Amino acid sequence: MSTDNKQSRFNRVLAGVIIAVLATSAGIWAARAVLERQSAMNELDATRFPAPREIQPFKLIDHNNAVFDNNALKQHWSFLFFGYTHCPDVCPTTLSVLNSVAQQLQDLDEDIRFIFVSVDPERDTPEQLARFVTYFNGDFIGVTGTPEGIEQLTKPLGILHMRVAAAEGASAYLVDHTASVLLFDPDGRYHAVFGAPLSADAVVSDFRKMLKAYQ
Amino acid sequence: MNSCLPRALTVLLLLSGSSLAMADATLAIGEPWIREAPPTARVMAGYLALTNAGDTPVTVTSISSPDFEAAEIHRTVVKEGVARMLPVTQLDIPANSQLKLEPGGLHLMLFEPQRPLLEGATVTLTIHRSNGSNVTVTAPVIRKTGGEDHSHHHH
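Protein chains in written order, with this note's numbering: chain A, 10 to 224; chain B, 18 to 172.
Treat the hints with care, since some could be wrong.
Stated by the list, open to error - Computed from the model, here is a short list of chain A residues facing chain B with C-beta under 10 Å: (1) ASN74; (2) THR94; (3) LEU207.
Said to hold, decoys possible - Distance windows between CB atoms, simulated: (4) GLU136/B x ASP116/A: 25 to 35 Å; (5) PRO195/A x LYS117/B: 37 to 47 Å; (6) GLU136/B x ASP54/A: 39 to 49 Å; (7) ASP210/A x GLY137/B: 39 to 49 Å; (8) GLN115/B x VAL213/A: 26 to 36 Å; (9) ASN148/B x GLU52/A: 48 to 58 Å.
Since the hints were made in silico from the structure, they are not lab data. Values in this document were obtained by computation on a predicted structure and should not be read as measured data. Even glycine gets a Cβ: it sits at the ideal position worked out from N, Cα and C.
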């Protein structure tokens, strides 16, 4: 009888110890998973916002003349780059890098869109944009609109753009512009930003980490 | 005999004057290429490497091309996230060094191509130096849209 009691007390203690050990290791495992995820986030090349930012309503058109507003940034990931079709160095270079990113992310079962927003709506008609963006990738989307429409999107995002005269004095002008690439999550929120110059490998590896953390 | 040779060379150098000194600073142009532009562009970008194998600095004052209405040297500068293109009035290449014009940095701004320039076409570029001499090279037009390095990713 007393041995039974001892035995059952021993069993209870043993069970308690096992539970404690399991709980501790589960805790450690969970903490480590969190820490690993966090350190993966710390190693990013991109700047990721701890709390993704909602963006104000805007209304533009894409290169097929369809409405492009806040809803066009939902249900899928979006990389946004701002530039203009007369831009000879930075824009073609960045779009080439983004095309490389698009190809490297093809293994993911994710809807990822690449959107080029014009900061030169006067010259960049939807037709002009269609020929420009699809030169780099048939799935890329060009977006333009009225100058006010462009401001609605760019200003709150801190995207700067200003015209400068081309040195030869012809009718052509250049546009200085923010060369960062912005990432929007499937909730249509501003999630992270990649600074220039852009590296395809860094964007690909950062995106994979952020996708994991988001899921 | 051995000690005579350097002296003879020195004399020769002094006699021949500046023309020989000029030839000392050799400028070689490597890997010139023009980025094929999307069908919308009236401005194209060109890149090349300038190697000064000489012992004196070389200054490039301009680059010209009969294939364009105008050519300028520009530098893309990214400051606080904003990309600006600044005209560059001259390129200084120190002795025994190389200066590269490459995407996202120094580049040639080539305005108004005089004929369609698609991949496979070539362009003539003349590099003008401050000492009055020129180097002319042929640059191929190359299509670079980012898929080149990952052609094995076919799905």
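Now for the hints, and whether the structure bears them out:
1. ASN74: violated, 17 Å
2. THR94: It holds, given that the least Cβ distance between THR94/A and chain B is near 5 Å, below 10 Å.
3. LEU207: Holds - the Cβ of LEU207/A comes within 10 Å of chain B, reaching about 9 Å at its closest.
4. GLU136/B x ASP116/A: 25 to 35 Å: Taking Cβ atoms as reference, GLU136/B and ASP116/A lie about 29 Å apart, which means the hint holds.
5. PRO195/A x LYS117/B: 37 to 47 Å: holds, 41 Å
6. GLU136/B x ASP54/A: 39 to 49 Å: violated, 31 Å
7. ASP210/A x GLY137/B: 39 to 49 Å: The hint (39 to 49 Å, Cβ to Cβ) is violated, given that ASP210/A and GLY137/B are roughly 29 Å apart.
8. GLN115/B x VAL213/A: 26 to 36 Å: holds, 30 Å
9. ASN148/B x GLU52/A: 48 to 58 Å: Between ASN148/B and GLU52/A, where Cβ atoms are some 50 Å apart, the hint holds.
In terms of the numbered hints stated before, the structure departs from hints 1, 6 and 7, listed from lowest to highest.
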